[in-house]
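Next come the chains, spelled out residue by residue.
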Amino acid sequence: MTLDPSYIEYPKRRHGYDHEMYRWSAIHERKPVIWPGGKSVAIWACVSLEWFPIVPNDTPFRAPGHIQTAYPDYRHYTARDYGNRVGVYRLLDGFAKAGMKASFATNSAIAERYPELIADIVAAGHEVIAHSTDMNGTIATGVPVDEERALIARSLESLERATGTRPQGWLSIARSQSWDTPDLLREAGLRYCCDWVNDELPYRFNNGLINLPLNHELSDRQIITVQQQSADSYAQQMRDAFDWLAGEGAARVLPLHLTPYIMALPYRIGALEDLLTDLRSRPQAWFATGAEIVGAWEAQQ
Amino acid sequence: MHEGEADPDLYDYTPYRGRAKITWPGGKSVAVWVAPNLEYYEIDPPTHPKRKPWTKPHPDVVGYSHRDHSNRVSHWRMADVMTKHGFPGSVSLSVAMCQHHPEVVADGVKRGWEFFSHGIYNTRYAYDMSEEQERAIIEDSIATVRAATGQIIRGWLAPALTHTPHTLDLIAEYGLDYTCDLYHDDQVQPVKTATGNLVSIPYSLEVNDHYGFFVYNMSPREYADTLVRQYERLADEGGTVMCIPLHAYLIGQPHRIGPFEEALRHIAADGRAWLTRAGDIVDAYREQIRSAQR
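Chain order of the listed sequences is C and X.
Okay, so the first sequence: first residue is 1 according to the numbering used here, each after it adds one.
Okay, so the second sequence: first residue is 302 according to the numbering used here, each after it adds one.
What the hints contain is simulated information worked out from the structure, not anything from laboratory work.
Beta carbons are placed, not taken as given, at the ideal position from N, Cα and C, and that holds for glycine.
Accuracy of the hints is not assured; some may be wrong.
[Stated by the list, open to error] On the chain X side, residues computed to face chain C include the following (Cβ under 10 Å): (1) W377; (2) N509; (3) A585; (4) R587.
[What the hints assert, rightly or not] Here are the computed distance ranges between Cβ atoms for each label pair: (5) C:R186 to X:P466: 24 to 32 Å; (6) X:K353 to C:T69: 25 to 33 Å; (7) X:G387 to C:A150: 39 to 47 Å; (8) X:I590 to C:N206: 39 to 47 Å.
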C-alpha cells in the first residue's frame with residue numbers, strides 16, 4: 001500500500017500559522033504590559049461549575065468527569081453534584097478569607113437549578129462566565145452550526161437572567177471548539193474565550209474575540225485527577241509556577257483552574273487555602289477576575 | 302532491515318559487559334546531550350490510514366494550542382535555562398518550522414545548536430510511504446535545514462516516530478550518520494544498513510519529558526529527580542550517553558521549569574558530564590573506535 005501523492009504536499013507551509021484564526025507572535029516580542037499597581041503576576045482563579053445530567057450525551061463527545069457506569073450511575077451523578085452543594089461553598093469561603101475575586105465558569109443549568117448559589121456568587125462580587133448549558137453541551141466540528149449557535153444563546157440568556165449581567169467570557173466544555181465557535185462567540189457579543197492554551201497573556205483573534213488562556217496543565221483536573229498527584233503536590237506546583245513567573249518579571253497570567261468536586265474535598269481544601277494565603281502575601285501578585293485581566297490588557301494595546 | 306522477518310536485523314548483539322572502554326573528551330564519564338523537539342503540528346492535516354493525527358475532530362483546540370505554547374512562550378524559557386547552565390541543544394526539528402516560525406529556528410542557530418530532522422511536520426507519518434516519497438522527505442529535510450541554518454543534517458528522528466522498512470537504509474545512503482530511533486543501548490552503537498555508516502545514539506523514551514509527564518504522570522519535582530538519578534547512574538558507569546529529550550510546551554510550563562533548572566544545575570556542577578551535541582558525541586565515539594582498531 002502506498003500513500004496518496006498529496007500526502008507529501010503542504011499547501012499551508014508558510015510563515016505564521018496554517019490557519020487564519022489568530023496571528024503568530026512570540027510573547028517576548030510584544031509590547032510589554034504591566035498589571036495594576038505595577039504587579040507582574042495576575043493570579044486568575046477560575047472555578048468550573050458543572051451539572052452532569054444522569055443521562056450522558058456522547059455527541060459530539062462525552063465531557064470529562066461525566067457519568068461512567070450503566071444507568072443509573074448514582075455514584076458519579078452525586079459525587080459531581082457534591083461540588084455544587086458543598087465544595088463550592090468551601091471555595092467561596094476561601095476566596096473571602098483571601099480577600100480575592102474569582103471567575104466562575106458556569107453551566108447555565110446551574111443558574112436554573114441552583115439560583116441560591118448564583119446569588120451568593122454574585123453577592124460576593126465574583127464574575128460569572130458562560131460554560132455551555134450543562135455537561136451534555138459539548139461542542140466540536142460536526143455539530144450543526146445552528147445547534148451550536150442556539151446552545152451558546154441558551155447559555156448566555158439563562159446566565160444573564162440569573163445574574164442580571166450578560167457574561168463577557170466563555171469557556172467551552174473540555175475547551176473544545178468547532179471551526180465555527182470563535183465567530184459564533186463573537187456574534188453572540190462575547191468579549192473573550194478561555195479555550196486556547198497557547199499563551200500566558202491575553203491575545204486577540206482576527207475576528208476581534210480575545211483569548212484569555214486557561215492553561216489546562218495547571219488545572220486541578222489535570223494535576224490531581226489525570227496525573228493522580230496530591231493536593232500538597234498541586235499547591236507546591238502552583239508555588240513553583242508563581243515563583244518562576246515572578247522571577248521573570250514581565251507581566252504574565254497564572255491561572256488557577258479549580259473544580260469544586262475535585263479541589264474542595266475536606267482533605268484537599270486546606271492545601272488550597274494555605275496556597276491562597278501564601279500567594280496573597282507576595283508583592284508581585286495581582287488577584288483578578290478574567291474580565292479584569294482582559295480589561296487591563298486591552299487598555300494597554 | 303530484514304523486512305517481514307521476526308528479527309529485523311538492525312544490529313548485532315553486543316553485551317554491555319566486556320566492551321572497549323569509551324572515555325569522553327576531557328576525561329568525562331558521561332556525554333550529556335539535550336534534545337529539544339522543535340515541532341509543528343498542523344491544525345487540519347490529512348488523515349493517514351494508519352494513524353489519526355488528533356483524537357478530536359479538527360480543530361483539536363487543546364492539542365494544537367498546547368503545542369503552540371512552545372513557539373509563542375516556552376521555547377525561549379527552556380532555551381534560556383539550557384544556555385544559562387551550559388547545555389547546547391541538538392534539535393529534533395519538524396523542518397516546516399523553518400517556514401512557519403523561522404524566529405524559533407534562528408534562536409537555536411544563535412545559541413550554537415545542532416539541527417537534525419524530525420520530518421516535515423509531526424502530523425505527517427511515514428508509514429506506508431513509497432521509497433520515492435520517503436526520499437522526498439529526506440531531500441526536503443536536507444535542503445530546508447541547509448537553507449535555514451547552513452547546517453547539513455547528520456541525524457534523524459522519524460516524524461512522530463513513524464518508520465518504513467527503508468528509513469535507516471535511506472538516511473544512511475543520503476550520508477546521515479546517526480539515528481535517534483533505536484532504544485536498545487546506553488552507548489553509541491553501529492547500525493546495519495545497506496550502505497553508509499550509521500550509528501544509533503541513545504535518545505530516550507524513558508526520561509523524555511513526554512513520558513515523564515504523560516506516561517508516568519510525574520510531578521515536576523519527580524521528573525527532575527528522575528533526571529538526576531539517570532545522570533548519577535550513567536556517570537558512575539562511565540562511557541555512557543545520556544539524552545534529555547524535551548518539548549518546550551511540557552518542560553517550559555511555569556510549574557515545571559524551576560525544578561528542571563535544578564536538575565541541570567546539578568548535572569553541570571557535578572564535573573563528570575561532557576555537555577555537548579549529538580554530532581560531537583558521534584564524532585568522539587568514531588574517533589575512539591578508529592584508534593582502538595589501529
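Subject >> Supplied contact hint for N509 (chain X), tested at 10 Å Cβ to chain C >> reply: 16 Å, violated
Original post:
Regarding R186 (chain C) and P466 (chain X), is the given constraint of 24 to 32 Å on their beta-carbon distance met?
Top reply: 50 Å, violated
Original post:
Does A585 (chain X) meet its interface restraint, that is, does its C-beta lie within less than 10 Å of any C-beta in chain C?
Top reply: 35 Å, violated
Subject >> Minimum beta-carbon distance criterion (10 Å), W377 (chain X) to chain C >> reply: Holds - the Cβ of W377 (chain X) comes within 10 Å of chain C, reaching about 6 Å at its closest.
Subject >> Interface hint status, R587 (chain X) versus chain C (Cβ within 10 Å) >> reply: Since chain C brings no Cβ nearer than about 33 Å to R587 (chain X), farther than 10 Å, the hint is violated.
**OP:** Hint says 25 to 33 Å; check whether the CB-CB distance for K353 (chain X) and T69 (chain C) agrees.
**Re:** 28 Å, holds
Original post:
Given a hinted range of 39 to 47 Å, is it respected by the beta-carbon distance of G387 (chain X) and A150 (chain C)?
Top reply: Distance hint for G387 (chain X), A150 (chain C) is violated at roughly 58 Å.
Original post:
Between I590 (chain X) and N206 (chain C), does the beta-carbon spacing fit 39 to 47 Å?
Top reply: For N206 (chain C) against I590 (chain X), whose Cβ atoms are near 56 Å apart, the range 39 to 47 Å is violated.
Comparing the model with each earlier hint shows violations of hints 2, 3, 4, 5, 7, 8; every other hint is respected.
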